[in-house]
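Undergrad: Here's the letter readout for the chains.
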Amino acid sequence: MPTVNGPDEITTLTGGDDKVFFTDSDGNVQEVSIGATGTVLTSTGLTADPAFSALPADATVGANKAMYTNNSDVESGLAFGAAGTVLTSGGTDATATPPTWEAAAEGGVYTANSSAAITNGSVAVLDPAGTLSPVGTASAAGPPSTVAMSAGVVGGDAPSAQNSNFWDEDSNTLFTIATNSNSVKLIPSTVSWSGATPSMTQGASIAVTGMTSTFYNGAMGMYDKLNNKVVVAGRDYGYGNVKMQTGTVSGSGSSATISWDTVTVVTTYAPSYLWLTYMRSGPAYTAGATVGMICSVNSSGATEAMFFDPSGSSPVKMTTYYGMSAGTVGGQSVCDGSGNLKYPFIHNSFGQARWSSFYYGAGHMGSVIAPGMATWGSWIDMAWDENNNRGLIAVATSSSSSGNVYCWELTDSGAGTGAITGTDRNWASVSTNYMNVYNSGSCFWDVFSGKIMVWWVMSADRHAWMPVTLSGSGATTGTATATSGSDWSRSGQPYGSTLFHSYASGANLNFASGVFSGSSSAGSKNSYAISNAYLSTNEDAWLGVAKNTTTGSGQSQEVYVIGGVATEGLSGLTVGSNYYVQSSGLLSTVNTGGDRLVGKAIAADKILVENTGTGTA
Amino acid sequence: MAQIIKQKDDNVVAFIFDEKDTLTLDEDKLAVSYTGKIGGEIDMIAPLVNSTTHEIVAGVTPPIRFYGGGFTTYDGSSFTVDTTALNARIAEDPAWVDPPILNIE
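Those protein sequence lines, which keep their order, are chains A and B.
In terms of this note's numbering, the first sequence is residues 176 to 792.
In terms of this note's numbering, the second sequence is residues 23 to 127.
It cannot be assumed that every hint is accurate.
[Claimed, not checked] PhoX-like mimics (lysine-lysine), calculated; alpha carbons at most 25 Å apart, straight line:
| # | chain 1 | residue 1 | chain 2 | residue 2 |
| --- | --- | --- | --- | --- |
| 1 | B | 30 | B | 51 |
| 2 | A | 492 | B | 30 |
| 3 | B | 42 | B | 30 |
| 4 | A | 400 | A | 492 |
| 5 | B | 51 | A | 492 |
It is worth saying that the hints were derived from the structure and are not from the lab.
Put together the whole structure using the sequences plus the hints.
TA: In structure tokens:
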């Protein structure tokens with residue numbers, strides 16, 4: 176390496192191999208060896224020799240951070256925030272106000288004033304006034320909707336004079352029991368509702384193959400949901416016995432067909448009255464005896480209760496219990512919450528309304544209903560409130576066209592004990608509620624409204640209904656509502672018109688009720704109708720799930736709407752399950768067919784609201 | 023002609039069938055196949071009736087009407103209806119109708 180004394184002296188410049196030159200702080204030319212591949216000449220300061228060094232590594236801000244630059248293009252790292260938080264800008268100058276992690280804004284929350292108390296975690300409804308209400312059910316204004324008449328019964332089949340119809344909830348078919356020349360038939364129908372108006376499409380009669388000599392009003396039917404079978408029992412007046420036949424339904428509604436099992440003789444006498452009940456709960460259910468049959472007035476004058484297992488090719492009788500002497504008039508038997516088969520009846524000899532309770536595996540209990548006034552010509556029926564585990568017995572006590580109706584609340588005090596307490600209420604003691612007992616009626620549990628409905632036939636071709644609430648301290652009656660006259664024509668037959676029911680669930684409906692014009696002769700033509708007592712519900716207008724609890728009107732009510740994640744008031748949810756609005760306003764995985772989807776549970780205490788209003792189930 | 027099922031101990035008649043019907047009375051039930059059925063198809067069973075308590079009597083001239091439910095007995099040559107019991111039963115059942123005329127030749 177030559178020594179060079181200033182730029183003027185440079186004429187030639189030689190150096191070693193693979194060098195680069197630079198001048199130092201004294202102006203002297205220096206050299207530095209070329210570095211390794213990929214290295215770059217890097218200053219080490221004004222007074223130090225430059226050197227080849229590796230390129231600096233990529234910029235880094237540390238682990239688990241989001242990177243941003245400030246207003247000088249300097250990179251910085253921002254540690255990730257807590258789960259669920261979102262990166263939020265502090266403005267356009269990140270030097271002055273760096274971004275931060277903040278809780279996610281609650282999208283899908285609507286706020287309005289409440290019009291009534293709403294509990295968090297339950298569904299809130301948008302009122303026409305823009306306020307928020309809880310889900311509720313109320314009687315529709317005016318008469319119980321339009322009565323949809325069906326023009327006659329196919330082929331002269333006469334509906335049975337006892338409870339004549341039942342609902343197959345699996346095939347959505349209303350079956351009407353009828354007789355024609357003493358042969359038992361089932362008439363399948365499609366029932367549908369549009370708003371408050373029911374409609375019914377009747378199908379061709381289905382012969383119950385094993386019942387050809389049955390009393391004109393002596394057949395009963397039920398649907399066994401556990402075994403997916405229809406069950407029919409008939410009082411055979413040719414042989415003086417009771418036959419039972421089960422069958423499996425195919426198809427739906429008016430086009431349903433039935434494949435019948437072998438008909439079985441189940442008694443050696445023909446009782447005065449026959450009732451079938453689906454034993455849906457309690458010990459009887461567990462034992463497999465899903466069919467309860469009451470024979471009122473057997474060959475010894477007593478009530479006889481039998482339990483059957485219909486799961487095989489023919490029904491098998493599991494056990495029989497004998498109750499009190501039965502009198503002459505019976506009402507629909509029911510299964511209470513403990514598996515007891517309860518049966519109300521009027522004992523003509525004693526002029527009393529009575530009840531029996533048959534407990535599978537234990538026997539019979541029963542009592543007189545105080546004050547128990549009833550005579551022949553009275554009408555009696557019973558229904559069971561499945562929510563409150565209480566029953567209602569309704570009795571019409573006069574044979575005049577201006578009769579009164581009494582009802583008793585019954586409390587089930589446990590399996591096998593059969594103890595019943597109750598309070599009588601004469602809610603039809605005013606003229607507007609007079610009941611023509613010869614025209615009969617029925618009462619039944621309406622799961623949709625949580626009330627027992629009592630139907631009865633009045634004079635002047637009208638019928639009426641009354642919602643009854645059972646609270647444990649006596650029946651509380653609502654307002655009786657009647658149709659206008661000439662909606663249907665009463666029968667002039669000795670046993671008058673009969674009105675029986677079948678409950679059906681579905682969108683925006685409560686129940687269907689069949690009205691049958693009775694007859695004293697088999698095979699005569701009878702018209703019948705299906706009508707409903709429409710209870711309006713605001714369920715369709717539900718908006719979302721309440722975030723906070725309000726205690727009355729005029730308070731700020733926040734509601735999670737679509738996209739919101741409801742959590743307040745919720746617990747024990749099943750992740751991944753769909754949740755639906757119940758008639759109570761609460762959320763449940765239960766969907767009875769008409770319940771509205773709210774959304775899917777994403778945690779045990781969280782639901783992602785996916786639906787609102789009239790969205791499909 | 024008819025064939026009947028009656029109780030052995032008191033001659034109470036449980037059923038009257040056409041002789042062309044096929045009856046099978048065994049230890050746990052009576053099985054009936056009505057006239058014209060092909061093969062062994064069973065039309066009706068009666069678990070309450072069995073060969074221990076009941077018997078089949080064939081070649082019987084049927085009555086005009088058969089009052090079942092324990093009101094009719096057969097002594098081997100003729101039918102007897104307990105009219106006292108029958109009338110009492112009718113009196114307590116406002117829905118009572120007489121059984122049909124038997125269609126058995």
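Undergrad: Which earlier hints can't be squared with this structure?
TA: Violated: none.
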